[in-house]
Amino acid sequence: MGKVKIKRKSTLIDMTAMSDVTVLLLTFFMLTSTFLQKEPITVITPSSVSEIKVPTSNLVTVLVSPKGNVFISLAGDKDSTYSSENMRAELIKNVVARYNDVYGTKIALTQSEVSTFAKTNMFGVGIKELKGWLDLSQEQRDAYIDPSKNPKAGIPIDMNQDLTKPNEFQIWMNAIYNLTNPNMEGAIKRGEGIAIKADKSTTYEKIQVVMDNLQTMKMNKFSLMTALKSEDE
Amino acid sequence: MAQIDTGGDSGKGKSHQKKMSIHVDFTPMVDMNMLLITFFMLCTTMIKSQTLQISLPTNEKVEKEQQNKVKQSEAITVILDSDVDAEGVPTKNYLYYYEGMPPVTEEGQIDLALNPMKTEEFLPNEANGAAQGMRKIFQERNKEVVERINKLKAQWKNKELASTEAANDSVYQARAKEIRNDSTLKRPVVIIKATPNASYESLVTALDEMQINSISRYQIDRISHNDSVMMMAVKGIPYGQETAEK
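The listed protein sequences correspond, in order, to chains A and B.
Using the numbering used here, read the first sequence as starting at 1 and increasing by one per residue.
Using the numbering used here, read the second sequence as starting at 1001 and increasing by one per residue.
Incorrect hints may appear among the rest.
Stated by the list, open to error - Here are the simulated lysine-lysine pairs, DSBU-like style, with alpha carbons at most 30 Å apart:
1. B/K1143 / B/K1153
2. B/K1143 / A/K221
3. A/K229 / B/K1143
Worth flagging that the hints you see were computed from the coordinates, not collected in a lab.
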C-alpha cells in the first residue's frame, strides 16, 4: 500500500512584502501630516466653506478659551535665521524690556529661561509671572496655563485704547509685529499673519475683546480659524 | 594543505563550504515599522484648519463728512443673539434683522411701527434643498448676483469657460469677482452685529453666508443703543425696564 505523505508546510512567512507596505505607509504619514501642537485647551472651531489654508509659517495664533483666557503661539519663518525658536527668544527679550519700560518694573530673565521660552509653543501668563513660570518643570508649566486647573491662566487683556500705556496683550502683539523677521510684518498686513482660534460655543463678548485690541493696534485684517464644511451640507 | 582541521567533521575528510541562506527574517523590521506608524498616527494631524479672512474698520474716529453712507435701500442690519445657560454657554441662537435705517422718530424714540424688526430662530441654512433661515434672507436680497454666479458656476463645472483646467478656474474666479462687484446690479450691504451673548459659531456662520451668497459688501459693527432697545421691544420687554437693569 502506498503511504499518504502529508507534506509539512513551513510556518515561516516571508515578511518582506509586509515590510514594504509598512515602510510605504510610514513614508506617507511622515510626508502628509504635521505634528500636533500642544495647546492648553482643546477647542472645536466652527466650520465654514472657506478653503484658504492656514499658513504654517509667519503666523500668530491667538487662542481664546470659552472662558475668555487668551493664549498666543508664534510660528517663525521657513528661513532658519528667523525660525520659531529664534523669534520667540527675540520676542521675549523685547516684551520684557518694553514691559519694564512702561510699568517701571525690573524683570530680568536668565539665558536658560529665555531658551525654555523659545521651546514653548503656546504661552499665556502675565509678564510679571513669566520668570517664575519659566523656572517650573514642564508638567508644572502645562498645568499653570491650563484654564481648567488655573482659571486665571492667559495673557491679561482689557479694553485699553491708550497705546502709550499698552496692556500686556498689546505689548506682545506689538513686539511680534516689530520682530526682525522681514516676512512677519507683511503677513500681518495682508491679514494672513494673525489667526484667531476659538471654540464654537464661546460668546462673542470674549472674542470682541481680542478683536477690539487688534483694531486698536491697527491690525484690522486677520483671519478666523475654521474647519472645512462642504457647501451643500 | 593550508586548511585547518577543526576536528569536528573529520569523518569524511572533506570540508563542505556552508551555503548561507539569503533569506532574512523581516518580522522584527515589520514590528518596528508598525510601532513607528502608530506613533505618527497618534502624534500628528492630517487636518489643516481653514481660515476665514476678515478686515475690520479702524478704531479711529472718522469725520462725519468722510463717512461713507450706505444707501438706505441697500442696507440690511443683522443682529445675532443667543440664549445662554447658567454657565454662560450659548444654547440657542437667534437672528434679528431690519432693513434700512433704525426706526427712530424725530424725538429720538424708537418706534417699531415705522420699520419693523423681524426675528427668526437660527435655523440650519438649508433643508430639503431649499434655503431657509439666514440664507433665505440673503439669497432673496442678492438674487441678481446669486443667479449670475450660479450660471457661471454651471459653466465652470462643465469646463466651458476655457480649454485647460487651470485657465477654466482663473476665468471663473475673475468673472465671479466681476459679478460680485458689479454696481449695476442690486446688491445689499450687510451690517453684522452681535450681542455679547451671541456665540462665536453664529458669527462665523453669518460671515460664511456672505461667501455662500456672494455678498461682497458686508461689515462687522458694534451693537448700538438703538439696536438693543429694538431687540428688547421685539422680545417684549418694555423700554424702561431695560434701562433700569443697566
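Now for the hints, and whether the structure bears them out:
Proximity of B/K1143 to B/K1153 is assessed by CA-CA distance (about 15 Å); at most 30 Å being required, the pair is judged to hold. The suggested pairing of B/K1143 with A/K221 holds, with an alpha-carbon distance near 29 Å, which does not exceed 30 Å. Simply put, A/K229 and B/K1143 have alpha-carbon atoms about 23 Å apart, close enough for the 30 Å limit, and the pair holds.
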